[in-house]
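Novice: Letter by letter, the chains look like this.
Number of protein chains: 4
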Amino acid sequence: MPAKLKVAVLGATGYSGMELTRILLRHPRVDRPVLLRRAESHLSKDAKGGAPSESGNGHLNLADIFPALSGNGSYPLEPLAWPVLKQKGVDLLFLATPHEVSRSLVPEAVANGMRVVDLSGAWRLKQEQHRAIYKFKDEDAATAAELTEKAVYGLPELNGDKIPSAKVIANPGCYATTVILGLAPLLKAGLADKDKGIIADSKSGVSGAGKEPTARTHFVSVADNLSAYGVFTHRHLGEIAEQLQITSDEITFTPHLLPIPRGILSTIYVHLKHKTQAAEIESVYRDFYKSKRFVRVFQTPKLPEIQFSLNTNYCDLGFCLAPDGQRLVIVSCEDNLIKGAAGQAVQNMNLMFGLNEEEGLL
Amino acid sequence: MPAKLKVAVLGATGYSGMELTRILLRHPRVDRPVLLRRAESHLSKDAKGGAPSESGNGHLNLADIFPALSGNGSYPLEPLAWPVLKQKGVDLLFLATPHEVSRSLVPEAVANGMRVVDLSGAWRLKQEQHRAIYKFKDEDAATAAELTEKAVYGLPELNGDKIPSAKVIANPGCYATTVILGLAPLLKAGLADKDKGIIADSKSGVSGAGKEPTARTHFVSVADNLSAYGVFTHRHLGEIAEQLQITSDEITFTPHLLPIPRGILSTIYVHLKHKTQAAEIESVYRDFYKSKRFVRVFQTPKLPEIQFSLNTNYCDLGFCLAPDGQRLVIVSCEDNLIKGAAGQAVQNMNLMFGLNEEEGLL
Amino acid sequence: MPAKLKVAVLGATGYSGMELTRILLRHPRVDRPVLLRRAESHLSKDAKGGAPSESGNGHLNLADIFPALSGNGSYPLEPLAWPVLKQKGVDLLFLATPHEVSRSLVPEAVANGMRVVDLSGAWRLKQEQHRAIYKFKDEDAATAAELTEKAVYGLPELNGDKIPSAKVIANPGCYATTVILGLAPLLKAGLADKDKGIIADSKSGVSGAGKEPTARTHFVSVADNLSAYGVFTHRHLGEIAEQLQITSDEITFTPHLLPIPRGILSTIYVHLKHKTQAAEIESVYRDFYKSKRFVRVFQTPKLPEIQFSLNTNYCDLGFCLAPDGQRLVIVSCEDNLIKGAAGQAVQNMNLMFGLNEEEGLL
Amino acid sequence: MPAKLKVAVLGATGYSGMELTRILLRHPRVDRPVLLRRAESHLSKDAKGGAPSESGNGHLNLADIFPALSGNGSYPLEPLAWPVLKQKGVDLLFLATPHEVSRSLVPEAVANGMRVVDLSGAWRLKQEQHRAIYKFKDEDAATAAELTEKAVYGLPELNGDKIPSAKVIANPGCYATTVILGLAPLLKAGLADKDKGIIADSKSGVSGAGKEPTARTHFVSVADNLSAYGVFTHRHLGEIAEQLQITSDEITFTPHLLPIPRGILSTIYVHLKHKTQAAEIESVYRDFYKSKRFVRVFQTPKLPEIQFSLNTNYCDLGFCLAPDGQRLVIVSCEDNLIKGAAGQAVQNMNLMFGLNEEEGLL
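Here the protein sequences line up with chains A, B, C and D, keeping their order. Everything in the first sequence is counted per the numbering used here, starting at 99 for the first residue and increasing by one. Everything in the second sequence is counted per the numbering used here, starting at 99 for the first residue and increasing by one. Everything in the third sequence is counted per the numbering used here, starting at 99 for the first residue and increasing by one. Everything in the fourth sequence is counted per the numbering used here, starting at 99 for the first residue and increasing by one.
Warning: the hint list may mix true and false statements.
Claimed, not checked - Listed next, the in silico DSBU-like pairs over lysine-lysine satisfying Cα-Cα at most 30 Å (straight line): (1) C:K286 - D:K294; (2) A:K373 - B:K371; (3) A:K390 - A:K400.
What the hints assert, rightly or not - Short derived list, chain A residues pointing at chain C, Cβ under 8 Å: (4) T315; (5) A321; (6) P421.
Because the hints were derived from the structure by calculation, they are not lab data. Beta carbons are placed, not taken as given, at the ideal position from N, Cα and C, and that holds for glycine.
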């Protein structure tokens, strides 16, 4: 049996990082992951990812933050130091960090010879118009531009050919994964009438909003409630447009905050150019995803629900065609922390290192 | 002080009927309502409305079914008998019954000189194409046709002029209320480009699915979940189309089941004919609803959330305009059991009997 | 009709204060309440009650914080100033403030001739051993001691005779209300074997933890969870012991955090001195509460549930007796924001001013 | 590598059976399980376990019932037939069936040479006084008595020595597992003062109530609620008493229904005979469970919460000692479908067949 992969995780104290750690701990082809924390100077920026309750002496144990991990030993977090990572022979660094942290760390990582899977939005966007919303301040603009160009958008079902050789994987956004996978076959087949506008009405569980306690994530604010937010302004709009090769005016994307811990359902509305049969639609989807392990196309009239994909790496797709044969409703579901984040990151890792795509993910 | 209204409620054992009873018990201008149950022969059909756990001797107390009512006395349900209702001088009969029951009882009630507010879908639709989905089997087709014609769709913000003199009020559907109120001003102003299709993506709490226990309403099926259902086929589509005077091909309506007990949020997508300013949109809505007590138009960029309207008779409206000035997202919220059912029924009652529209509803 | 009461509320931006405001706005015998905010210097201490998102110019509108209030007009908060309150003829000041704020404001209020209902724990405890946990630092110890002595524990079912003439009402804690009302009849009747220890296992919705966002109140931490906290150390233990005239060693009180927004259920375990019949227990409870409007004694074997008392001012009691006739389980439920806070405060107000005890509360 | 185990599951359409199937499908030492359904004549009795929506021709696919299973192939259910099971070389039969079904099937299975893990309550009780509540009607009383005697109560942490050779494992009840594991060390150490009574106040998620839709499991009945039930009468009381070797008068057990899909927290109250130190208590628990893989003893003052054990096979224990050193509160948590059912069943299987106790369970 070949040697196991050596990987490190920075940001295991956030929801995605924790889920990633949980998956990696069970992965049969990966050594126990090195869990990293940022050097002291960075700690204050860390709030978005969930500030760890670090003890005074710098010891930090992941099991203190996620007691569900307890009982399988100790999980100390050690400070990020490139020489140490190299000495340990780390093959791959996962960044589950805020985007501005990822934006500054990835060039360092690459300079130190690491391959990286970045779960933030830092390296997902090729077009300046979409990237502007993040307000990145790159210290070395030339390197940043080069890495922006080289980084591969890690959606294996679309970019599977570029992932194996990628140095930097920009792991897709959670919402974006459901919308892109829901629309890609249809757009590729040229069936959608984009002039009439595409609508993606998405609903996400609260873990998508991060671990930081805010008025918006307070239990009493979320329970017994539903709210729309970020209409026309959500950051995932850019990556959806880029990956689907449409403009951000051709799609309207509305996120909503659901009173559940995790899971996303996107209801997607498309006008078709011509009157079409349901069977034709279904075969377009089945053909597109026929060799894709982690997309499940439901048989009409069955529609996916959030529960079906929870705790799995699947993106589930189903659809309904209007009686007029020209309006299509696509329902796309996933677990936002798995296919929408940590699971997809591991799927990318598997492809980068020639492992079975589904290893550790079933 | 004038004499109080005398009203009766059939179906108080269901969610809407219970909420209605609760409102009526507090209403300062209404006598304690007569609570009715159907004669024995009808009991077997009652499941949809929540079968009462009737004791063998025919005594049934609403407080046994809804213990929250306890402590304010006893709430016996008495069998529906027209002579008794007439003798008691009942002015108005509320029907919170399954649509097929309402379809057969309303003609009887009218023949017995009663005015009726029917909370079911039995009398809402004027067009046969929309009504077909209910598969009504009218015993007296001529009377049914006549009543269908005369029944007033009880949305006070649209049909306020016809309600005072109506004999039969068809109280609107819960989803329909949010969608119609969200779209009416825009369509009346001629701003919407209907050719590009209108989308109403609606999400409802579980009380909308009725009190009957089913696999779909089991707690474990609903919690931590979200699901779409009835896409292109939901019964409320017809009343939305009729009231907005559009065809059912011009609007796509998708209901979803939310993991909350009550409340609806509809996210509505409209293309505008021309590039428009947000201020113009806002003034269209404010003008339309300026004297309407129970519609609250939120100031951009604030959007309503389900919580804001819970336990109130408000329908809350807010909107976002795309940077291109041509795509509009409207968010419409209500408590499905109040503005979407019982509260609106009482609002109709107030208008029918010349009371203050808001009496008993604040 | 006599003039309406004039009242003021400080702390309307917290959960209890908001609920109080909502009740007062509907109360037929109370003028529209004066809504207060603390002078600037106090604002930093305000976090526990939910820091208001105050606009720069000092204008603060309650409807901005609780949009559910919108549509009934504007709700400006004005700075607390005693001369202004006197000039407005305010009869009663409600304090829905953190306990240290109440501890310092009540002496000022009394010195200014105000009567006060304080919803915090500041003035509930007579015994120094119980009060120690609050670590009060009284500026004027003598006055504080005097007020501590004079303040009436505002549980109308126990202290109804002292409330009408009270200057300062210490409104009971939410948990304490359920436990005291659940046990008082039994202890008074001398049926309980205190040597074997009394257990109160209480479960509360999240609004009881206050509006401040913390890791503990984050939706993802609470949903799909249950946790015990404050075992043997919760502040309500003292008031339970004092009101029941037992020691804090004779009762074990364990609070738990429930994944619901509001409501408390306490399961209380008592050993009886002698083998007893259920009918005797029931009559002890019925006698004790026979003229008490807001306690509902359920008939064996029916037990109250949290839902039954939500949005009401009731405390619901039920019980089960063991086959051995010597072990009793009492279930006590309430809405923590109403009977456990704002509703009880209004009930106290009604008694203080000679109104009907239930006015505005049904 | 040795041959994999061959197992069959009857009742995979219920919650526990489904969870069991999910675990077995991932178990590295078990062949793909044979999924069984009962012969036609039994189908009507099946309701409690969740009636499958069987197609007319008798084909039934588990993925139709639990779509989360989809994408990993097809899961046909085949009719139970002993000769077929023998021919397939099935080593072990899991029964996730109602107790009356298990009561009649286990003798058949044993007669056919099968070993059985039964997840129901059918074979858990040795004492007639406790068993009476189930009202079993054994066809062959002598065989039933013999099997009752021989069946091993499958709590590995207590009966680990008898499990390897057992023919029939009576898998423990979900509530019972938390209570027994929470109390066993203390009782064995002789620290508890049983005369003062032990209290187990337990709270369970709704999956514990089974998959059948009832008024009690309707989402609207459970959400925003908490209720106690089965006080002094719950079936698990008998197995708790038997395993702890106490009488059912020495312990008061109160189950509650929590508004969450899964998980149990039991708060257990014990009087100690003598004033004791927390360190002594902790060492009693640590010693008792020192080699037990699936019990985690939390370090004082940390207490387990339901979330920590969800989706794991752990039972988590923590405790608080009163200042008087004589009252102990123990908190015991588990996932009711895993350590409380399916996971424990697999743990038993591992021990029965000489596998690593934790195989397939981490």
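Novice: With reference to the structure, classify each hint as holding or not holding.
Specialist: Hints, one by one, checked against the model:
As the CA atoms of K286 of chain C and K294 of chain D are separated by approximately 22 Å, the hinted pair is consistent with the 30 Å bound. Between the alpha carbons of K373 of chain A and K371 of chain B the distance comes to roughly 24 Å, so the proposed pair stays at or under 30 Å and holds. For a cut-off of 30 Å, the pair hint linking K390 of chain A to K400 of chain A stands: about 20 Å separates their Cα positions. For T315 of chain A, the interface hint holds, since its Cβ comes within 8 Å of a Cβ in chain C; the closest pair sits about 5 Å apart.
With a least beta-carbon distance of about 5 Å to chain C, the hint placing A321 of chain A at the interface is held under the 8 Å criterion. Nearest Cβ of chain C to the Cβ of P421 of chain A: about 39 Å, over the 8 Å cut. The hint is violated.
Of the numbered hints listed earlier, the single one contradicted by the structure is hint 6.
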